[in-house]
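Undergrad: In case you want the letters, here they are:
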Amino acid sequence: MSCPDWPALVALREGAGEDPAGWGEALDHLDRCGACWQTASAADPLLLFRRLPTPAAGEEVEPMRQRVHTLRRSRRLGGGRGARGWLRWPAAAAVLALFAVGGHGPTPQQTPPTAAPRLPSTLALLTAELAAQPVLEHLEHPYEQVLQWSEDDLSLVLVVDARLDV
Amino acid sequence: MATPQLVYSQRQQRCRWGEASDRDLLEGLRGDDELALDELIRRKTQPLLQVVLRILGDLEESRDVVQTAFLRLWENRGRFDPRWSPNTWIYRIATNLAIDQLRSRRSRERQHEPYRHHLHQVTGGVARSAGELQAREVRAIFEELAQELSEKQRLAFLLREVEGLPSSEVAAILDCRESTVRNHLFNARKVLQREIRRRYPEYAGAARHGEAG
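Protein chains in written order, with numbering that gives the first Met the number 0: chain A, 0 to 165; chain B, 0 to 212.
Hints in this document: simulated from the structure, not taken from any laboratory. Treat the hints with care, as some may be off.
Listed below are the simulated DMTMM-like cross-link pairs for lysine to aspartate or glutamate, each with C-alpha atoms no more than 20 Å apart in a straight line [to be verified]:
1) B:Lys189 x A:Glu61
2) B:Lys151 x B:Glu162
3) B:Lys189 x A:Asp18
4) B:Lys151 x B:Glu201
5) B:Lys189 x A:Asp43
6) B:Lys189 x B:Glu160
7) B:Lys189 x A:Glu13
8) B:Lys151 x B:Glu136
9) B:Lys189 x B:Glu147
10) B:Lys151 x B:Asp174
11) B:Lys189 x B:Glu201
12) B:Lys151 x B:Glu177
13) B:Lys189 x B:Glu177
14) B:Lys189 x B:Glu162
15) B:Lys151 x A:Glu17
Derived DEER-like restraints, expressed as beta-carbon distance ranges [as the list claims (entries may be wrong)]:
16) A:Ala92 x B:Asp31: 27 to 33 Å
17) A:Trp22 x B:Glu177: 16 to 22 Å
18) B:Lys189 x A:Ala20: 20 to 26 Å
19) A:Asp27 x B:Ala19: 28 to 34 Å
20) B:Arg102 x A:Ala15: 30 to 36 Å
21) A:Leu70 x B:Glu18: 23 to 29 Å
22) A:Trp22 x B:Arg78: 23 to 29 Å
23) B:Ser20 x A:Pro6: 39 to 45 Å
24) B:Arg105 x A:Pro6: 33 to 39 Å
25) B:Arg102 x A:Trp22: 31 to 37 Å
26) A:Leu70 x B:Ser20: 39 to 45 Å
Every residue gets a Cβ at the ideal spot worked out from N, C-alpha and C, and that includes glycine.
Start from the sequences, fold in the hints, and give me the full structure.
TA: Here it is, written out as structure tokens:
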């Protein structure tokens, strides 16, 4: 392709408000032709910005794939905004309700049960969530535990007694 | 021989996604298929990174934004409406994140000194032709002049004039009418032309002064 008449081409484009025929080919030529830069940038100085930085082709894909999957796994393990995220506030509310009711309810058994106790219904719902949380310490009874529940914007320390039945 | 079968199966699935359309890949994402995500990353990393890099100007920051865009795509895979153009949806997520990043960066930065001072140091005070400028220098000039643009004007200019996307697609990405895109573009061009001629006349108008070859 020979060097296009840039002033005419730019005037045509500005007049029409859209790309004239052959505009794409002219730009391809411009990217390779040093002489054209002088006349083209004089006719439309904004063509200079065709030289804005471009990432190296092909080098970014595999590192990007690894970054995305690593981040995805870490979010899933952290329980951030994953599928379990919606459970956070209802679960926290349920646990608080559990303590409120438990504090005014009947006194728990003082002797350890001989068989594994039936999990209270509220706790049963929360088992999957609570099981994933780190146990900070066990209290006197093996069914009493102190758990920490940390999410992006929520951090709760829970004292859980599995014998409570609400 | 469970392992060889699994590897073979994955390889076949990868081949299948390699031939699928973008729309099929998003359907695959909706079915929780991680290999479809891999194929989208393979196809879209380069073009997305290019757009975001041109918005932000920093490669590492742009990588973070594109990575987050893919993650958003995965996390919101159930929300994709098959009536949308896949490209538009992906570009919209990435450009919105880039603009958020730009805003948070601006809030951290003070008004920086015009690039001219640095450019004169780099070139030893000798103005170079537009053809001799390096990409990073062009980037710095754009960054300085684009301070005069609104976010929409900046995006419309980059997507339409630099990336060469059609006005209809730019409108879909920016979630506005084509006439609005044309308006943003007209104003962006006017401001940038005025400012480049005022601040960097050596790169804008050589031919008018009889310097062109």
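Undergrad: Evaluate each hint against the coordinates.
TA: Evaluation of the provided hints:
| no. | hint | result |
| --- | --- | --- |
| 1 | B:Lys189 x A:Glu61 | 40 Å, violated |
| 2 | B:Lys151 x B:Glu162 | 15 Å, holds |
| 3 | B:Lys189 x A:Asp18 | 17 Å, holds |
| 4 | B:Lys151 x B:Glu201 | 28 Å, violated |
| 5 | B:Lys189 x A:Asp43 | 11 Å, holds |
| 6 | B:Lys189 x B:Glu160 | 13 Å, holds |
| 7 | B:Lys189 x A:Glu13 | 11 Å, holds |
| 8 | B:Lys151 x B:Glu136 | 23 Å, violated |
| 9 | B:Lys189 x B:Glu147 | 11 Å, holds |
| 10 | B:Lys151 x B:Asp174 | 10 Å, holds |
| 11 | B:Lys189 x B:Glu201 | 18 Å, holds |
| 12 | B:Lys151 x B:Glu177 | 13 Å, holds |
| 13 | B:Lys189 x B:Glu177 | 18 Å, holds |
| 14 | B:Lys189 x B:Glu162 | 19 Å, holds |
| 15 | B:Lys151 x A:Glu17 | 19 Å, holds |
| 16 | A:Ala92 x B:Asp31: 27 to 33 Å | 30 Å, holds |
| 17 | A:Trp22 x B:Glu177: 16 to 22 Å | 18 Å, holds |
| 18 | B:Lys189 x A:Ala20: 20 to 26 Å | 25 Å, holds |
| 19 | A:Asp27 x B:Ala19: 28 to 34 Å | 30 Å, holds |
| 20 | B:Arg102 x A:Ala15: 30 to 36 Å | 35 Å, holds |
| 21 | A:Leu70 x B:Glu18: 23 to 29 Å | 28 Å, holds |
| 22 | A:Trp22 x B:Arg78: 23 to 29 Å | 37 Å, violated |
| 23 | B:Ser20 x A:Pro6: 39 to 45 Å | 42 Å, holds |
| 24 | B:Arg105 x A:Pro6: 33 to 39 Å | 37 Å, holds |
| 25 | B:Arg102 x A:Trp22: 31 to 37 Å | 33 Å, holds |
| 26 | A:Leu70 x B:Ser20: 39 to 45 Å | 26 Å, violated |
Of the numbered hints listed earlier, those contradicted by the structure are 1, 4, 8, 22, 26.
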